[in-house]
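*Asks:* Work the whole structure out from these sequences, hints included.
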Amino acid sequence: MSCRPSDISLFSLGHRCLTWVCLQGLEDQLLSVVVRNERPDLEEQRETLIAETSNNKNLLQNLEDSLLRELATSTGNMLDNTELILTLDETKEKAHEVRRRFYNN
Numbered sequence: 001m002s003c004r005p006s007d008i009s010l011f012s013l014g015h016r017c018l019t020w021v022c023l024q025g026l027e028d029q030l031l032s033v034v035v036r037n038e039r040p041d042l043e044e045q046r047e048t049l050i051a052e053t054s055n056n057k058n059l060l061q062n063l064e065d066s067l068l069r070e071l072a073t074s075t076g077n078m079l080d081n082t083e084l085i086l087t088l089d090e091t092k093e094k095a096h097e098v099r100r101r102f103y104n105n
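Okay, so the sequence shown: first residue is 1 according to the working numbering, each after it adds one.
Keep in mind that the hints were calculated from the coordinates and are not lab data. The reader is advised that the hints may include incorrect statements.
Restraint ranges, calculated between C-beta atoms of paired labels, are given here [as the list claims (entries may be wrong)]:
1) Ser32 - Asn58: 40 to 46 angstroms
2) Thr75 - Arg99: 19 to 25 angstroms
3) Cys22 - Thr75: 50 to 56 angstroms
4) Thr73 - Gln24: 39 to 45 angstroms
5) Gly25 - Leu88: 21 to 27 angstroms
Quick reminder that beta carbons are idealized off the backbone N, C-alpha and C, glycines included.
*Replies:* Shown next as structure tokens:
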């Protein structure tokens, strides 16, 4: 197997990125351990916020998928499609609710 100069630079770049990602992950883990020992209340709050953020992202993705599905299958005049209108209203309400939760934390 032979290596061209571009292969070596690509390998070097990949290695640097992997090292940085690993170091960043280790820093995050170390910070989490220190905070857990020094301020367990903050660590619990952090974990709760991470879980809520993940749930909100999933909710928004599901709403977006539902809305896109309704738009793709809609026939005729969209204003007459009550299911589409209901999906739009639900998406709007949930997005506002997620935004309020995000800014209140």
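*Asks:* All hints, please: hold or fail.
*Replies:* Going through the hints against the structure:
1. Ser32 - Asn58: 40 to 46 angstroms: Violated, since Ser32 and Asn58 (Cβ atoms, about 23 angstroms apart) do not stay within the stated range.
2. Thr75 - Arg99: 19 to 25 angstroms: Check failed, 32 angstroms falls outside 19 to 25 angstroms.
3. Cys22 - Thr75: 50 to 56 angstroms: 52 angstroms, holds
4. Thr73 - Gln24: 39 to 45 angstroms: 43 angstroms, holds
5. Gly25 - Leu88: 21 to 27 angstroms: Given about 40 angstroms between the Cβ atoms, the range is violated.
Checked against the numbered hints listed earlier, the structure breaks hints 1, 2, 5; every other hint is satisfied.
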